[in-house]
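Please build the complete structure, drawing on both the sequences and the hints.
So the sequence lines, in the order shown, correspond to chains A and B.
When we follow the numbering used here, the leftmost residue of the first sequence carries the number 1, and every step to the right adds one.
When we follow the numbering used here, the leftmost residue of the second sequence carries the number 1, and every step to the right adds one.
By construction, these hints were calculated from the structure, which means they are not laboratory data.
Among these hints, one or two may not hold up.
[What the hints assert, rightly or not] One side of the interface only, derived from the structure: several residues of chain A facing chain B at Cβ under 8 Å: (1) Asn29; (2) Thr227; (3) Gly288; (4) Val289; (5) Thr309.
If you're wondering where the values come from, they're calculated on a predicted model, not measured in any experiment.
The C-beta atom is built at its ideal place from N, Cα and C for all residues, glycine as well.
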Amino acid sequence: MLKQTPLNATHRELGARMVDFGGWDMPVNYGSQIEEHHAVRTGCGLFDVSHMLPVDIRGDNARAFLRRLMANNVDKLQVSGKALYSCMLNETGGVIDDLIIYFMDENWFRVVANAGCADKDLAWMETMNAEWGMGVTLVPRRDLAMIAIQGPNATRVLNHALPGVDTITASLKPFTAAAMGEMFIARTGYTGEDGFEAMVLAKAAPFFWRALMEAGGRPIGLGARDTLRLEAGMNLYGQDMNATSNPLESGLAWTVDLKTERDFVGRTALETSEVTQQLVGLVLVDRGVLRSHQKIHTKNGAGEITSGTFSPTMQQSIALARVPLGIAPGDEVEVEIRDKTLRAKVVKYPFVRNGKILI
Amino acid sequence: MSIPADLKYTPSHEWVRVEADGTLTVGITHHAQDLLGDMVFVESPATGRALAKGEECAVVESVKAASDVYAPVAGEVVAANGEVESSPESVNQDAYAAWLFKLKPANPADVDALLDAAAYQKLVESDAH
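Printed below as a string of structure tokens:
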């Protein structure tokens, strides 16, 4: 039996094509994936991301707990509402999950876990909580639905759908959040566009979704979510990194704080690991489509595509790939696609931000 | 409309039209393009290539996934549709106009073994359950 979000019936009413997405019955598109992609780059798209799990961390030791649990440093969070992107690592330095951490007050942090990682994340956090005697309370929030409102018109759509919210959206900076009772609005997203991720009580979600549509938001499936995040150069857990990959070889060094003396899980492993690979962007020169797991040949040895797709914005195929160190933007590599060897160019990513092609 | 009665079909979702001169025009069905979604890449076989029945001979890729196209019967490729290669979305717009290649069958009678519209309809319906 697939799990359903509070918006499941809404998706079906809207004619979505539903798929099994890691055990969740989710909309992959509502018609054309490419049209949905463009709608987010030029207007406003709505995503049901209620399969992700918000977890509230409460208690006097909330900050101390996260300081030790996360590879990024929660001490960067000093102003209420500030958000931080971080990996949670295991003892060998592998990535258990990548999450966003919101700091609301010293007794309340909220982390949002990937759907497929939620159970193991919770179990890991509970284990660490007990082992370190932190005594924090972990509250999984399955009573909440999460809707992402993304695109250049996101503010207008949200303001229209939720009268009065304009006082909040007007001052909400990127990567910050505000809470009003059980409603939680963050200026975050996974598309490379301006936008929000709003959490509301599950029972309010269908009404909220309809109001956002009335205001001009277009439902977007998980298909376009993937092409949008890849153009934006954002990692996908399970593809671009996992429990056995080193974040320093996954384009995530910027999220790992090794500058401070802080002790955190995985630190020793990272500091003693030998980094031999890196994540780079690729643009296919020849005709075809780059896909994950395709083999790459470089002047420094073999590599592999971790995420690949056809970019609707750039009208050509792009990818993230793990390749040996020393391969740099401008280099050409070879990709094995079926029985052919095609040429791809190494580029600095992101590929697209705020509707503009950067390559 | 999605399964024309005058065409033949394969279980792997190719459609086949027998032309007046005996050549076979081959494409993928409306159902197949619907499953795959927005097409972004099409590669047809080279003219002159000899194909065995069931041989992988073309590729259609949507944003979502790549899918092989198989030779419905044995034969020789006598034409490939370059227009579809340069505008893959035409497969979504009209799967039965956007043919991929033409085949001169090794044995014209092989076509009789392909599915008719009714049989293909049944197969699509059983797919849906």
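Quiz prompt | Non-conforming hints, listed in increasing numerical order | solution = When the structure is compared with the hints, none of them turns out to be violated.
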